[in-house]
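Undergrad: In case you want the letters, here they are:
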Amino acid sequence: MSGSVAFISVIAVWAAGWLINIRLARSAAANTRFVRFLVPLIFGLSLLIMWELLVRLLEISPVILPAPTAIAERFSQSIPLLWADFVQTVIKGAMTGYVIGALAALIVALLADRSAFLTRGILPVGGFMAALPIVGTAPIFVKWLGSDWESKAAVVGVMVFFPILVNIVAGLRDTTAMQRDLMRTYGAGYWATLFKLRLPAAMPFIFNGLKIATTLALIGAIVAEFFGSPTVGMGFRISTSVGQLALDVVWAEIVVAAIAGSAFYGLAAWAEGRVTFWHPSQRT
Amino acid sequence: MKSLLPVLTVVGAILLFWVVSVVPMNMHLTADQAQRDGVAVTPETPAARQAYSGIGLSLRNLHLIGPTFTLDRPRLPSPHQVALELWQTTAEKKITSKRSLVYHGWVTLSATLLGFAIGTGLGILLAVGIVYNRAMDMSVMPWAIASQTIPILALAPMIIVMLGSVGIQGLFPKAIISAYLSFFPVVVGMVKGLRSPDAMQLDLLHTYHASPAQGFWKLRLPASVPYLFASLKIGISASLVGAIVAELPTGARAGFGARMLVGDQYGQPLVTWAALFAAAITAATLVGLFSLIERITLRRMGMTTA
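Taken in order, these protein sequences are the chains called A and B.
One point on numbering: in our numbering, the residue at position 110 of the first sequence is 612, and numbering is uninterrupted.
One point on numbering: in our numbering, the residue at position 223 of the second sequence is 463, and numbering is uninterrupted.
Errors might be hidden in some of the hints.
What the hints assert, rightly or not - In silico lysine-lysine, DSBU-like type, Cα no more than 30 Å apart, as pairs:
# : chain 1 : residue 1 : chain 2 : residue 2
1 : A       : Lys645    : B       : Lys338
2 : B       : Lys242    : B       : Lys458
3 : A       : Lys645    : B       : Lys242
4 : A       : Lys645    : A       : Lys594
5 : B       : Lys473    : B       : Lys432
6 : B       : Lys432    : B       : Lys458
Hints in this document: simulated from the structure, not taken from any laboratory.
Note that the structure is a prediction, hence the values are computed from the model and not measured.
Build the full structure now, drawing on both the sequences and the hints.
TA: Written out as structure tokens, the structure reads:
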């Protein structure tokens with residue numbers, strides 16, 4: 503009985519949300535910024551309401567799937583705990599590793615750039631390494647550097663190194679012979695050409711790598727904590743809370759991860775907009 | 241083939257760096273072992289050796305450089321040790337043995353392939369929906385893009401527990417995580433691909449009086465193939481990472497992830513390293529396979545890649 507009520511109400515919510523969205527998408531205002539923002543919002547909200555209804559009406563145990571309201575409640579109650587985990591995993595582990603990996607990639611790219619021979623070698627090898635499951639190095643780094651954030655930063659550094667390296671190396675090649683010749687007629691040497699022409703021209707590529715690496719950094723930091731960590735951190739909290747069947751805590755951590763990941767990506771995208779404002783993809 | 245020599249040079253440099261690093265990384269362990277075996281070591285007590293860095297200790301004990309490459313439980317195994325361990329656990333063990341990496345590889349690979357097939361199938365269907373339905377495009381696409389910024393692997397342990405509590409275990413939960421990871425690259429790539437025909441081409445079909453179905457099968461779908469392959473190559477390696485990570489937090493008994501955990505917990509670094517390299521080789525093989533299929537398909541379709 504309650505099962506059919508649940509499914510009917512869920513389908514009703516779905517249909518209502520969908521109808522509004524179809525109406526909005528076909529309306530004359532479909533291309534305004536407000537509607538473009540509203541449509542995905544309605545979609546997300548109807549998913550959340552359906553989730554809440556299903557959990558309540560079917561009386562699904564919170565051990566299997568907690569309701570969104572229960573997750574929100576847990577989230578607001580454990581903000582100090584979540585903040586400590588956030589600082590440990592995102593600020594100390596992911597961010598430090600991200601910066602180290604990016605700087606190392608920049609240095610190697612600039613060194614390799616002096617020789618066209620090395621550049622040709624690094625592009626395929628780097629692209630190949632970027633596709634490998636580097637996150638598997640986590641147990642090794644935890645063994646070498648201890649279980650605190652240093653080992654997480656190392657895993658993250660190695661994970662983000664190759665995508666960023668490949669993009670910088672590819673970007674540094676992205677000038678035309680005409681542009682380089684022009685620099686030569688101005689009497690510009692290697693360094694002047696690098697800083698005034700080639701690095702700026704490489705920026706769209708570099709930011710592409712930096713944006714890809716933001717997600718990798720968070721994944722690396724969280725997964726490395728599965729292999730040993732102090733009693734704080736998002737990966738630690740997720741794996742222990744799963745063991746205790748405290749799924750509302752896990753979901754709260756996932757909310758934190760989602761916010762952190764989007765903010766991190768947003769930051770990279772914002773910086774990209776500021777630096778490469780001249781690029782066609784940034785013009786509106 | 242012009243890039244063969246540069247690639248070999250870079251690979252050689254990486255290997256050289258690895259071999260050179262083995263000495264300082266393992267020197268403390270080697271010195272302790274040498275002292276127990278009665279070989280002269282400077283300085284003489286383990287406590288005094290702690291004051292030295294790996295490099296400093298190596299310079300004072302040049303005669304111990306050889307043994308650093310052959311430790312049983314090294315901090316950093318040398319390349320030949322990893323290669324030997326790989327050979328022993330793949331070729332010299334029966335593939336049904338619990339210690340065979342082929343057996344563990346198959347456990348992970350089957351979850352990867354199942355998940356990849358599910359994810360790719362759903363991804364293509366969703367992409368078609370997005371391209372042909374404006375409401376779907378406006379509501380789903382922003383979420384698909386936003387989900388790329390979320391560390392989705394954080395969901396892995398929970399999905400496994402959720403499914404485990406409803407009685408689903410083993411292959412399927414891992415496949416779901418793999419599917420989830422390969423799903424979005426395919427959606428994003430296919431949407432881009434299905435939209436890649438330009439107005440001129442669409443107009444040409446109009447003048448031929450082609451139906452929407454013909455437009456899909458004869459123009460949009462073929463045009464999306466290069467994008468699909470680019471997505472498939474990203475998706476398959478993401479699937480493998482998903483399957484490996486899904487094995488970690490729940491203490492799976494078989495698979496590459498389980499081997500890495502076992503090597504970590506029982507202090508057998510060679511097991512971890514062999515599993516890591518086996519996973520890397522598997523990923524490389526899968527990506528290489530898709531590159532090959534891509535080249536053949538595109539050539540047959542008359543679209544040669546640059």
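Undergrad: Kindly indicate which numbered hints from before are broken by the structure, ordering the numbers from low to high.
TA: Violated: hints 2, 3.
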